[in-house]
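Enquirer: Residue-level listing of the chains:
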Amino acid sequence: MIPAAFDYARASSAEEAIALIGQYGDEAKFLAGGHSLLPLMKLRLAQPTVLVDIGRVPDLSYIREEGDQIAIGALTRHMDVETSPLLHQHVPLLAHAAGHVGDPQVRHRGTIGGSIAHADPASDLPATTLALGATYVAKGPNGTREIAAADFYHGFLTSALEADEMLVEIRVPKMNGAGWSFQKFNRRAQDWAIVGVAAWRRNGDAGVALVNMGSVPILATDVASAASSRIGSAIRRVTNWLDTSLAAAQADPQPDLNASADYRVHLAKVLTRRALEAASA
Amino acid sequence: MEISVTVNGVKHTAEVEGRTLLVHFVREQLGMTGTNIGCDTSSCGACSVHLDGEAVKSCTILAVQADGTEITTIEGMAGADGTLHPMQQAFMENHGLQCGYCTPGMVMAATSLLKENPNPTEEDVRLGLEGNLCRCTGYHNIVQSVLAAAKA
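If you read the sequences in order, they're chains A and B.
Taken in order, the first sequence gives residues 4 to 284; the numbers are from the numbering used here.
Taken in order, the second sequence gives residues 2 to 153; the numbers are from the numbering used here.
Cross-link-like lysine-lysine pairs, in silico, BS3-like; alpha carbons within 30 Å at most:
#1 A:177 to A:187
#2 B:116 to A:187
#3 A:45 to B:12
#4 A:45 to A:32
#5 A:187 to A:272
#6 A:142 to A:177
Hint data in this document are derived by calculation from the structure and do not stem from the laboratory.
Just chain A, same shape as in the assembly:
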């Protein structure tokens, strides 16, 4: 399969990329690693008329410590997130989840910024960074702005990014020794999660987010108050949340070849329990 024809422009800086996108308008797309966009283009599910290749923009691939956060450049590849000693030390949940993306070949090319900007609710890193309370930094023609992960995901493959904005950095709070777990249920090694759960827990605080339970990654909103209680109580609180609040949280699990909607809800409860137990061990 070959994508529909498009014009190709290579940007040598973030500023140039943003100017090019502004010039070409809505039909243009940024191309980073291309491992979300090119498969869609080959299937003609996406047909941008212009690709602005940001893959060679220097200085957007880094992982560095900034106070109580780790800052990750948007063009940092999954393999570099997976193997980063700094992330293993301070945000092990994110390094681990990055190792679940696709397969090694995909992780050699795909980028954390591309995965988040693509905003696929079935992807591992949007939900993981959401659970961790990450902040995303977007750069546009009028400068940069910070967007909380909780405000970023608007719908299926739709985010708070404006058409002429580029995701440039992901800031993730240090986990400070919190227990964590990433539960991914799928039927084949390299598949997307049928349902996944990213969770961390520390005295008095916790975060849980669900993969592939609706049109956006889902943040369990009342787990923090449960976190200081005993593990059994915390699990009950989250399970109750799943029972009562999934719909309000935009969760709308869809049936497909792999799972019915009811089965997805069941999986979400089972995996959430496992994740919280593992994070509390």
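Following the hints, complete the assembly by docking chain B onto the known chain A.
Expert: Leaving out everything else, chain B in the frame of chain A:
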């Protein structure tokens, strides 16, 4: 647009369309058909090549994205005198192939894996090859081949 790509040590300069995939550039414009197209959806790994030393799926990379890089395909693995690469030798000695269709991709993924993890466990090999499918289901001997190559 015009791109320059070094493939198996030889620099090629060619005119490509923006939408030309790296695998089509290698197979059709350069005539190196050792790299196979399997699923064409970045699942099966048959099209794996090395881009600047790392295994990638050439069906999911534009040729223009490879401009200025060094590509190694299965044709570049054996020595100039025909001596097989240790991974190829290990696949031969351990019956690591049946129909052979996935083999070029397996060899490229496996050599990339050993570069990142020179002493893998069996589980490391199985996980490291999760992006390569063998529809003969010959995984057992493929894994044995990679473990043998790691010791070679």
